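Engineer: Below, each chain spelled out in residue letters.
2 protein chains.
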Amino acid sequence: MFQKLAIVGLGLIGSSIAHAARRGGCAQAICGFDASDDVRARARRIGFADVITADLAACVKDADLVILCTPVGAYKEVAAAAAPYLAPGAILSDVGSVKQAAIRDILPSVPAGVHFVPAHPIAGTEYSGPEAGFASLFDGRWIIVTPLPGGDDNAAARLKAFWQGLGASVDAMDARHHDLVLAMTSHLPHLIAYNIVGTARDLEDVREGEVIKYSASGFRDSTRIAASDPTMWRDIFLNNKDAVLEVLGRFNEDLAVLQRAVRNGDGQFLFDFFTRTRAIRKAIIEQGQDTAAPNFGRDKAQ
Amino acid sequence: MFQKLAIVGLGLIGSSIAHAARRGGCAQAICGFDASDDVRARARRIGFADVITADLAACVKDADLVILCTPVGAYKEVAAAAAPYLAPGAILSDVGSVKQAAIRDILPSVPAGVHFVPAHPIAGTEYSGPEAGFASLFDGRWIIVTPLPGGDDNAAARLKAFWQGLGASVDAMDARHHDLVLAMTSHLPHLIAYNIVGTARDLEDVREGEVIKYSASGFRDSTRIAASDPTMWRDIFLNNKDAVLEVLGRFNEDLAVLQRAVRNGDGQFLFDFFTRTRAIRKAIIEQGQDTAAPNFGRDKAQ
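Line order of the protein sequences matches chains R and F.
Per this note's numbering: the first sequence = residues 1 to 302.
Per this note's numbering: the second sequence = residues 1 to 302.
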């Protein structure tokens, strides 16, 4: 489908794109760049790309699809460095969890004749690095593209077909709405999970060993997403501040109401609240976005 | 090991105890009571007990081990109703997530010569009802017993052996400390998960359909524990108010600090915070309390 796919940044998402593109026959050649010697060496050992290089210019040169897979905080620098070598007609895309900041940092570098189509795969795991990638990561998951106003429709359609070839479904929306939706579905849950784990660690009347031993009562769920890549998540919160603070404000308001119901012993309020939340879980399972197996099916695997 | 095990309340935990006790040969006969006609009929169809009855007196009569598995809010009434029929020398226990309230509500009814040993299995799933139970639920999990001061050591030892026969390990601590530890490891994570799901549902700028479609970005994790039994969780928050408000206060303080770091764009603080939380996840996996598989291993199963 594409002649040369250039993947810039070989962590969980970059390496998974390479695996999935190979599986789907979505690119004739795959070239991977990473700034880290260590990451490149590990990526070479795994062998998910035809060429792994430390030369960004060589990686993106002649590529008809270039996907930036670095943390969002590196976009400005890497886009500026790659821009002079991008081929006319090439599609430039990314996978960042924040789309307004991605556009802010990448667009000014994009040369005329190159089609910038921002995108974001709603998929991942708590692991990072080139070993963390696997071909089925995007199967059944959603990719959100946030095409620029006046952008090239054909480029957007080709990028959409690429992601479908990787096993995903594709939606489009504007970048501002994306950032609000993701603040709710991803950034807030991560911030809260990090915070729960932080509170548990610092609570002086409960030993850390107790928190770990008795984690199967609920706490362990929070620790999974709180084990995600710190650099990636630092950059997300630095670059989606407004939307995160907006939904965090709503979360805090709601929590104050729930806290008052606990303080007042308002059993009917609590029961009704805890009943309404079940419907969303049911819908997520019905739409194939989570497993119906109890405890995510993990306990039998142990 | 026991002659007759009486299980009062045939939901997830009660039915799992029956399955696991059979598997482990921990009781010669198992009798189950439930107040609901429907639950009893379903329990009979599954067949995890020798007798299923609507007669609480008959259920506990002659039992040398009686375990209350109803929601915590029903303890006072059910203990008072069962008390006159408890056999001298019997062990009376429970599985409630709140131990001070369990003692407050059960102990006054316990006849002389009956040994009350409160206990709490740190295990469960988001499902409820008699169909939700399975024999391996307690395998590798911790049971916390909170023996009463001056209680019978032999009874506590026999209850410990029973739970070990069900596949679990047993710890002991005082009830007050239990309630604080569980407020942190279980009650707070559930309250927060319920609240995240509530915020997502009520956010008017983001459609519920979007929250569901893009839930694999983190949100879906919260929905699992927010799908837990509403009656059980209402009773937990009504009966462990002080400890929950204490850890919730700490959570809110910590969140205010994290919120300020986001607002100020303090990247170093965020990075350090997100790095420290990884160690707890690692320890939980090393101690066998969670799977190391990415995304809890659930995505491959879909």
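By construction, these hints were calculated from the structure, which means they are not laboratory data.
The structure presented is a predicted model; accordingly, all values stated were derived computationally and were not measured.
Mixed in with the good hints, there may be bad ones.
Said to hold, decoys possible - Cβ-Cβ distance ranges computed for the label pairs, FRET-style:
#	chain 1	residue 1	chain 2	residue 2	range
1	F	D242	R	A80	49 to 59 Å
2	R	Q287	F	R276	18 to 28 Å
3	F	F269	R	T275	21 to 31 Å
4	F	K76	R	R23	43 to 53 Å
5	F	T275	R	A80	54 to 64 Å
6	R	A80	F	H177	30 to 40 Å
7	F	G129	R	A81	38 to 48 Å
8	F	F269	R	G265	34 to 44 Å
9	F	S36	R	G140	32 to 42 Å
10	R	G265	F	G151	28 to 38 Å
11	F	A172	R	A54	33 to 43 Å
12	R	Q268	F	G129	29 to 39 Å
To be verified - Calculated lysine to any residue pairs in the SDA-like style (CA-CA distance at most 20 Å, straight line):
#	chain 1	residue 1	chain 2	residue 2
13	F	K76	F	I103
14	R	K282	R	P294
15	F	K241	R	G265
16	F	K76	R	D266
17	F	K282	R	G140
18	F	K282	R	T231
19	F	K282	R	A292
20	R	K241	F	A293
21	R	K282	F	Y127
22	F	K61	F	E126
23	F	K241	F	K282
24	F	K76	F	Q3
25	F	K282	R	E208
26	F	K282	R	P84
27	F	K241	F	G113
28	R	K76	F	G267
29	R	K282	F	E126
30	F	K241	F	Y127
31	R	K282	F	K61
32	R	K282	F	G24
33	F	K241	R	R260
34	F	K241	R	E131
35	R	K282	R	A292
36	F	K282	F	A293
37	R	K241	F	V170
Quick reminder that beta carbons are idealized off the backbone N, C-alpha and C, glycines included.
Engineer: Identify every previously stated hint that the structure contradicts and give their numbers, smallest first.
Structural biologist: 2, 3, 4, 5, 6, 7, 11, 12, 17, 19, 20, 22, 23, 24, 26, 27, 30, 31, 32, 34, 37
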